[in-house]
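Quick mapping for you: the protein sequence lines, in order, are chains A and B. Be aware that the first sequence starts at 13, since it is given in this note's numbering, and climbs by one per residue. Be aware that the second sequence starts at 273, since it is given in this note's numbering, and climbs by one per residue.
Keep in mind the hints are simulated off the structure, nothing from the lab. Careful: at least some of the hints might be erroneous.
[Said to hold, decoys possible] Pulled a few chain A residues facing chain B out of the computed Cβ check, cut under 10 Å:
(1) LEU130
(2) VAL134
(3) ALA137
(4) GLY196
(5) PHE405
(6) TRP431
(7) GLY450
[What the hints assert, rightly or not] Straight-line Cα separation of at most 27 Å, DSSO-like style, residue types lysine-lysine; simulated pairs:
(8) B:LYS400 / A:LYS392
(9) A:LYS435 / A:LYS244
(10) A:LYS392 / A:LYS435
(11) A:LYS298 / A:LYS244
(12) B:LYS280 / A:LYS435
We treat Cβ as the ideally placed atom computed from N, Cα and C, and that holds for glycine.
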Amino acid sequence: METLSYLAPLFQLDVMWTIALGTLGGLIIGALPGLTATMGVALLIPLTFGMTPVMGLNMLIGIYIGGIYGGCVSSILLRTPGTPASAATVLDGYPMAQRGEAGKALGMATIASTIGGLVSAVVLATLAPQLAGVALQFGAPEYFALALFGLTIIASLSGDILKGAISGILGILISTVGADPISGVMRYTFGVQGFASGFAFTPALIGLFALSEVFTQIERIGLREPAITLVKNRWPSRADMHESRGALVRGSIIGTIIGIIPGTGSGTASWIAYNEARRTSKTPEKFGTGHMPGIAATESANNAVCAAALIPLLALGIPGDVVTAVLMGGLMIQGLAPGPLLFQTNPEIVVGIFGGTFMATIFMFIFGMALIPVFSRILKVPRRLLTMSIVIFCFIGAFSINLNPVDLYTMVGFGVLGWGMQKFGFSQAALCIALILGPMMEANFRRGMLQAGDDLIAMLSGPITLLFLALTALSLCWPMIAARRAARRTQTN
Amino acid sequence: MTDLRESKADIWIGGGLLAFCAFAAWRTLRIKQGFTTSIAGPSFVPWIMVGATAVLAAFLILRALRRQRAAGADGVAVIAMPDRRTLLRLGVFALLLAAYSAAFFPIGYLPATLVTFVLGLLLIGERKPWLLIGFPVVMTGAVYLAFTELLSVWLP
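The following block holds chain A by itself, in its conformation from the complex (with noise of 0.2 Å):
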């Protein structure tokens, strides 16, 4: 009963229309190639100042639901992924647009990327709690080990380990500027008072992620644009939707498991996803000609991923992708600290954001069908105009977080930076993870240390800390493994 008047804020007219705005904006921000979804919520977590949380934290979760969805506009349309989670899509998508039924795959792409969503927020809605009470038992050591479990993400999120790393360990520097969080002691600020609380984290995502899209836009502007295809009927058949039904179902689960790992993102779940669809077809040669359940695998497991990547964020405060990671900052806007303390504190604004998760799939189901038909005027905005719009959000966003100038060069500095790590192959995902998990993991590791008086054989000690560590270990040496293992298949072939 308690339960269902949580979920009374979110049938009020003004959260509702919030939530399908959102869903709406990040369906175009997805379509948009090279606008992706961590940027549509980096860009919009100003718009949630005078919201409540739960109205604000629903929008940013309507965005990102619908930006990933959007990505499979362009892929489709256009062959190019508007989001890396769509990358899978364009396989499948493109082919059936060339042969005439763009309408068709979009279509398959929404009820897709809908029971995906849809599966994955019972998922959360379950899970997350039962998590959230195993977590309130951990003391700093737990935490050290878990947020360090967290840093290996940034093994799996950069294509080069090497780069990966390095990034992961700048960022963690880079978090240590400004007060230290156990003595206060100033650490790197220059004199500049500033910085004294460090590199504010909105301003610095908001750099890392949109701005440093616009210095790639500006790079792309005057390239060609491709040809857009004509987009006609939006319906699958019953006998493709036949067809399509264990690609979606093992796409959805599988974007859901894949989803709670943290790290792993949408985009490595639609390209397991896809393989397996493949591997399990009657008919294998058919995927990559424009074969329906091609698209039902990719876009049911890249939303799956949605609903589940919150699973860790709101249990344990370690976010499950980079977009959550980007929602964190979201959530310390509302003064919210994610983690298993929230579901005691803020149960309201949990089960708020559970019912959020479900509203947001059905708008973008809404959205996604109803404009079918529109999707290819969308693509056609001005990228000159789109461009300088963005940076003026960049600068409003930045600004208005702690009505702070300095905030701006900040947001400036790290857009530059955010540029050239993309260009030469640095991870910016990994980068914001470490700004967000070094803290944490500072923190514990020395109130851990002070607490077991310097001895640290002791302070790893307990049982959950060594599995979390022994994570660690595994999610460290799998990228190793798992090539040696694709050299021996290779061989083997």
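Given chain A's structure and the hints, the job is docking chain B onto it.
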């Protein structure tokens, strides 16, 4: 677009990171120890990170050198870099943003944004007068009203 060999870029980046580590190490020496009795003081984590960055930067250079030596007829990985004109445009754009940051608070949102918007559009090649003037005016005004009136966010 011009191509830059990835290994060459990695050597330069590794060198830059090593120089950064030297600077960071010098700054870390200046961190006061505070009143803590633990060996894990305020400079403990920074030292580990500076050390780790230096080791990984050295690895990056060594890997790039090995790749350079190994690369033969098979070809080498390249990074698509903007041509000189685009690079100059990006540099000027970054300067424009720095100037906008400096002007945002003292001059105020409306004039600073209008000027930046028009200059930015000019810089990225927009030449249609109604878009060059009209769009910035409408957009800047609409954003100002939306934030100050609807969202109650104060703008200078």
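Structure-based check of each hint:
1. LEU130: At about 31 Å, which exceeds the 10 Å cut-off, the nearest Cβ of chain B leaves the hint on LEU130 (chain A) violated.
2. VAL134: 33 Å, violated
3. ALA137: The hint is violated - ALA137 (chain A) has no Cβ within 10 Å of chain B, the shortest such distance being about 30 Å.
4. GLY196: 7 Å, holds
5. PHE405: Check passed: Cβ of PHE405 (chain A) comes within 7 Å of chain B, closer than 10 Å.
6. TRP431: 8 Å, holds
7. GLY450: At 8 Å from the nearest chain B Cβ, GLY450 (chain A) passes the 10 Å test, so the hint holds.
8. B:LYS400 / A:LYS392: 17 Å, holds
9. A:LYS435 / A:LYS244: Not OK: LYS435 (chain A) and LYS244 (chain A) at ~38 Å, beyond 27 Å, violated.
10. A:LYS392 / A:LYS435: Satisfied, since the Cα-Cα distance of roughly 26 Å is no more than 27 Å.
11. A:LYS298 / A:LYS244: With Cα atoms ~23 Å apart, LYS298 (chain A) and LYS244 (chain A) stay inside 27 Å; holds.
12. B:LYS280 / A:LYS435: Holds: LYS280 (chain B) and LYS435 (chain A) sit about 14 Å apart, inside 27 Å.
Violated hints, listed in ascending order, are 1, 2, 3 and 9; each of the other numbered hints is respected by the structure.
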